[in-house]
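Colleague: In this text, residue positions in the sequence shown follow our numbering: the first is 16, and each later residue adds one.
Warning: the hint list may mix true and false statements.
With a cut-off of at most 25 Å between alpha-carbon atoms, the simulated SDA-like pairs for lysine to any residue come out as follows [stated by the list, open to error]:
1) 436 with 103
2) 541 with 287
3) 436 with 287
4) 203 with 287
5) 252 with 315
Bear in mind the hints are in silico, worked out from the structure with no lab data behind them. These numbers come from a predicted model, not from an experiment.
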Amino acid sequence: MEKDGIQLRRVQVIDPDNPLKNGSGEGYVNNAFKGSEQNLDQKQDSKTDIDGEHEDEEFEGNACSNAVGFIRKIISDLYKEYIHIVWYTIYLVLLLAYFGYFIRCMYHLTVKDKITEEGSIRLIVITILLVIGISLTILSKFVKLDFTSFEQEFEKFMGRYGFIIHICFIILAIGGNIAVIVVEVILKEVDNLISLVGVFCFVVVFYVTSHNPARVNWRPVFWGLEIQFYFALAIIKWPVGNDIFQWCGDRVTEFLAHTDAGAGFVFGEKTFRNHFFAMAVLPVIVFFSTAIAILYYFGVMQFIIKYIARALAFALGTSPAESLNAAGNIFIGQSEAPLMIRPFLAKLTNSEIHAIMTGGFATIAGSVMAAYVLMGVPAKHLLSASVMSAPAALAMAKLSYPETKVSKAQNKDVYKMESVKERNIVEAASNGACTSVKLVANIAVNLIAFISLLQFVNATLTWFGERAGLYPPEHELVTFQFICSYLFWPMSWVMGVHHTDCRVLGELIGIKTFFNEFVAYNELSKYIDNRANLTWYMGLPALNSSYTGNYTYVGRDINYLDFNHTLVGGIIQDRSMVIATYALCGFSNVSSIGIMLGALGAMAPTRKQDLTKVVVRAMICGNVACFLTACIAGLMYEPR
């Protein structure tokens, strides 16, 4: 008997112990065959289900559907063959449309005499950048520039004359320092020289406490401080630079204001500001994270970070891994920036690991900076602090933990970043928003925990102080802020803060170091609001003669005499506020140690012992890098 081409024999099986097997052998064998056939079909179906490769149902279309399919195939084949021409045509049409729009705008603005307005200048700058970007893109398509021979010749030249050139640049830099300090500081704001004392003190202390003072390479230390100095000169002293950063800060604030639309829709237009931090500040992080993700998708962030890293490596002589991480920390957080050098983490030296950690502790992420802006902290100073702290972090890291081994991560492949995985801009924006959820939740729960913990610590210290008779009006309440105000008073003074405000900055430094920079900036924002409120109050007599604008101090609080209102905590001077903004601009606090160890430990599990060895030193270095940035800002400060 045959079944499907297979010869089957009748077999009579008698088993007294198993009557189920008795009877027709054909039936048993056939059943066995069918069972194996079904099992085979099930396995094939299972595999098909897993692979998602189901066979299409047989279908014979009608004449109309076949014609449509034929036409679609022709169009698809033509598109695949001429895809570049199609997209170049689309780009050309869009470009011509934009230039037509630009010409129309220029004509309209010229006729209306509005060509010098800020919006007009912004449009012109955008157009110039667009033209430059398109020109470079087209040039790169047709002209392949090979700088290998140039780099080799340059290395030979620097090997022969590099020492002399370096000495000349050092002399020019120091000469420029002296000229600027004499002309811009001594002759104008001599009190700012106190901040120079702070720079000297921090460098000396870190040299004395260095892991290996004899092996300190002074090149990254010197040029890190010089970059800070001249950058501060450009953005604080130089009117054009100050205006540029003020403009950038205003544009950032203007951009972040669009968050209100999303927050208002989700939480309610009329009520979301009643819960300001949860419903107005935290949504800013979501929006800014989305914007950063879109910039990554277009390659803008990679381009900026790569060339900042190359500049730092060239000037400071640091390794590509250290430089790339430091540049990345200007824009992204302490746990995200090391992802760019993840393949090289396992073979970095301890000095390089220390520098990478210091860079993370000394800066803040762009998304977090956006939240600080919404809290009232000046965007201009936050932007400049983020940039200035990057070279300062490398300088202090190499001073505190100098390199004693040859780096294995000198390969320039470090600068080759991974391409984005998103397929389109919508996916990039969505992923950016979803990525921020963890950050938002982390910030929210940490604030709840640390503010509650701070309140508990203050209540406990106050209770002990009251037992000893330390309570108002004879004494101030004993609190954590009270202790820190005296503990960090000398540090505040050498940074250039006015002596009446040193205790305030001491409090903020203590809160930032032992709790959280968010809590510290929240406290600083109260002083900023108080100063703005007092300025408004003192201007009332000019609007209404019935007001005097007079006030009185009760302790540190300010009481208005014209009506019942108290500014709790009083105010601090504008210079103190600027220095505080720079000093607090970093993730260098105790709680961030765990975040840093967790992130780097997951990326380089074989180096966990080395990570724990240097992390506390790196956190302290990150703090002092922020203080150095504050010193330079205090040195260059000019009231406006």
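Colleague: Please go over all the hints and tell whether each is borne out by the structure.
Modeller: Taking the hints in turn, this is what the structure says about them:
1. 436 with 103: The hint holds at about 24 Å.
2. 541 with 287: holds, 20 Å
3. 436 with 287: At roughly 35 Å apart (the allowed maximum being 25 Å), residue 287 and residue 436 break the hint.
4. 203 with 287: With a Cα-Cα distance of about 46 Å, the restraint between residue 203 and residue 287 is violated, given a limit of 25 Å.
5. 252 with 315: This hinted pair is violated, its Cα atoms lying about 29 Å apart.
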